[in-house]
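Novice: Each chain, written out:
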Amino acid sequence: MALPATNATSAFWVASDGTLWEVDGLNGSWVPGTTQQISAAGLAFKGVPSVVGFRSNQWDIFVRSTGNAVYHDDISNVPVNWQAIPSATGATSDPIAVSPDISTIYVFYLTSAGVRYVVGTRNTVNGLVRTYTAPALVPTTGGPASITSIAAIANGHVQLPSAIGNQLLYVFARAADNGIWMAALNGSSWTWSQIAPAGTAGGPLAGVTWADQHFDVFYANSSNKLGRITLF
Amino acid sequence: MNRILRIGWLVGISVWGFAAGGGRDARALPGADVVTAVALQRPYAPTLPTIYVDSRMFTASSPEVAEGCATVGTHKLLHFDFATRNVGDGDFIIGAVPAPLCTGGIGACFDSLGNACNKAGTQNGFFVWSDAHCHWHTQDFNNFALYRSDNTRVNTGVKQAFCVEDWWGWSGAGLRYECSQGNQEGISVGVEDIYEAGLSCQWLIVDNVPDGTYRLVATTNVQHRFFEERYANNTTSYTLTLSGSTVTTGSPGVFSPVSTSSLPAGATVAAASWGPNHDDIFWVGSNNQLVRVARDNGSNSQSSVPLIPGTTAATAPALISIAPSELEVLTRGADSKLWFNRFSGGG
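So the protein sequences, as listed, match chains E and H.
Here my numbering is used: the first sequence runs in plain steps of one and ends on residue 232.
Here my numbering is used: the second sequence runs in plain steps of one and ends on residue 347.
Chain H on its own, in the form it takes in the complex (with noise of 0.2 Å):
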């Protein structure tokens, strides 16, 4: 192990074991599952930062301009941890490293005949080989974004390489894999890998990031080139506040009064969605009709939507959406039957 400084955010991945030999059915073996996580506390290092912004200025000389994370300048950082864990029941195998290009460490690594590497980028199957930490990395295994709190994207993100091996046992699990030559890269069952913050490219560039609320958005095995038992626990998400030189985090909510005339007190409203970035929510209203506030957008629109004439609700709508642009709301109404209303089109 030639990393230094860990800490993380934890993602997870899930696969199935392969094994040489043998002709059994691979679903038969058990499964590797790899999830993710950022900026968790580490046990093991409580008193490090989890998640910093920083700036550093790069020149072309600097491995990490090689490396494509960064170019000739100077930038605001946004440096935080990442974890991917093997939560599977099988060890999450990469393949055997090959013979390393140059030698040294992180920052510091050489070629033969004492130069600095110069070699970053060059590929060997799914390697390539990274002069910032002079080892092979797994390519464009993770990836990491920023997202407003609209869901739109503030950066392209960084497809991360990423050397994977066993690095804390978090269920007690020993240590196996590892990223020098001779040994396999993989994450054992019950270990996880962590990049921590401090470690060159893990981070996003943030200049002229606006101070604000954001959701980093964090994806392992992004490209699912390594089998999994599921890849739908790969992606976790951590929302921080940018301030300035200033990162916080657990800022999870945000208050967007909306405006609508007045519930009964106490009303219990039901809400569903039926397509991004649309809301649904009925209640039923002081005169027994059900309420529906519509919001799509952003916008809200409200409409009162009565059942059969005559007949009034007597009882908390449910909602459900079957199907894209389909909602459909039922509730009892006061003769007691089930009465049902469907909107179609979204509208």
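One chain only, chain E, in its complex shape (with noise of 0.2 Å):
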């Protein structure tokens, strides 16, 4: 069993044969008889999958497959639709996906040329994703010469509403060299910075918005204690 990922009130996980699955919540506890598996028959997955709430009963849930190719299903009140992304393969990392607003979902995940990312733009109507962009890859000038692994966070979150969808957008690099660094989206622009300097983390980092345009990113540092950095 993988790490389950979770949303409002289901998780899921990738099982050690590959299957994905489901358990739904309701109300802070767990539905008997819930659990079932999602994904479809010829699929296999690996890692950690990555969910965006959208609303009640819809959400989007990203997954690396074992073939390293990242697959999007739309889990509502449809049948499994899984989709390979157009073109986003080769991931060296499990997917990220991030919604800066009611409208967009960023996918980002690591390749072997830098961070890559898709843009899955959601129908007004049905609120279903079907059109992406081609993989971008987020400029590797001014950033990390080699990243290790990823996070990323948008503004705004379940308990900051008002603050949901004003596009600010960054994504978290643990470099090789395990300082830590930050590519911050600006219009359709990214700009690296680096946020603490080598020899810093000493595992993952996680990101969290606490506040309207206040961010954490938290880590094992080196010494085995919990590193914060706060951005704003």
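Quick caveat, the hints were computed from the structure, so don't treat them as lab data.
All residues carry an ideal CB built from backbone N, CA and C; glycine is no exception.
Wrong hints could be hidden among the right ones.
Covered stretches of chain H (chain E as the covering partner; in silico rule of three or more C-beta atoms under 8 Å from a C-beta of chain E) [claimed, not checked]:
{"no.": "1", "region": "260-271"}
{"no.": "2", "region": "275-284"}
{"no.": "3", "region": "327-341"}
Join these two chains into a complex; the hints should help.
Specialist: Here is the structure:
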């Protein structure tokens, strides 16, 4: 069993045989009998899925196949509909999906060339995501030479509805030298900043939005203590 | 166009366009979408500063005093560029510009008798007259404010009137909207309007603001007076450090080590927030128990979160807040079952 990934009322995980499973929660408890396989025959996944909630009973899940392609399904009141995101292949990390506003989802994943991403557009009527941009590379200029893992956050979350959607989007990268970097999206351009020197990180990064336009990045540091970087 | 010196931060607006007549559903029409940006280096003016601090003295006759963006006396000013970009697929239309009350230009605005105009603040619909810029502005169009690292506001901010017009076709689009009479204020698709740092009133007063790191927050179409495809992308922010009369940018991170017990080497942490100013961080400790650090308004408390007795965590946790003051954590137990714990009321 891989790690579960959660959204508001469900948890998802990849089983050791590559199938993907879901269990539903309701009002803070888990509903007996709702554990179900939601992957399709012939598909095998690995790693930790990433889920973006949209509205009640509708959300989007992204997961890496054993062939390192990025797949998407919208979990809603329709049958499963797994799609390989066009050209999103060669992933060396699990995908990370974040939604900076109600109509778009950014899906990031590492490749040998660096951090790539696709942008999915939501149909304004049914909320379904069926179109994606071609994979783009977060420009490597000014960024770390080599990246071992990434995290990503957008401004706002369920607790901060007023902040949702002003399109602040950050990708955090743990570099091979354990420095910590941040790529910020402003308009259509990316800017890298090194936010912690080499040797800082001792584990993967976790980002969280704790107030409107205030962010924390947590990690196990090189001294095996909890490290924190505040961004605002 | 009668503005001078422009560079900018960028903000965007997204507006559904309305067309006169036709009886069509407005939402079927292309939508304008404006976003804002601050202190972006414009490609056509790469050597101009985009953000700086200086001091200026204002007298009772200064147009900026009549305008309400300064009081009499000497003030320390934080100047910055500001841009409003239409990223939608329809024009962002303000409306027809009224006849001017005076003539001239920025810093030289006179009435028909050749006297100083002295009509600042005169309203005409949603337009307000500017003596300082000698043209009609769209009232309370933008808002600027400075915030400390703890998210408290340094000053009350400025609701700035704005002459909304096409200034730079970032997408290659042509320029059509102008502030002058006989034209319409607005922003075409693929165009942005830019207020450069050097423009009168394009500042925040930072008298007695201590040296330190701050966040400048800019919002356009503040009151949603002008319909957009979406309003959620109208705010942008910019981190800066003030030190005396200098201002530097690009200091995004502030290290704040958290005092906790040791983590297992290479531990994966999970983090979520159940409300403003609250962080929760979980990981699997060396005894395979979940460890929780709750950060409430900057202070930490650490606790161990046992699963069902006899069961330990086998994988890093997943964490989610599904409602205010609610937190749910899940992990795979050593028994290969999915384990869950819920924290309510922030506790």
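Novice: Work down the list of hints and note, for each, if the structure agrees.
Specialist: To see whether the hints hold, each was checked on the structure:
Beta-carbon proximity to chain E at under 8 Å applies to 11 residues in the region 260-271 of chain H; the threshold of 3 is reached and the given coverage holds. Figure legend: the region 275-284 of chain H, annotated as covered by chain E; annotation consistent (7 residues with Cβ-Cβ distances under 8 Å, at least 3 required). Coverage of the region 327-341 of chain H by chain E holds [criterion: at least 3 residues with CB-CB distance below 8 Å; count 7].
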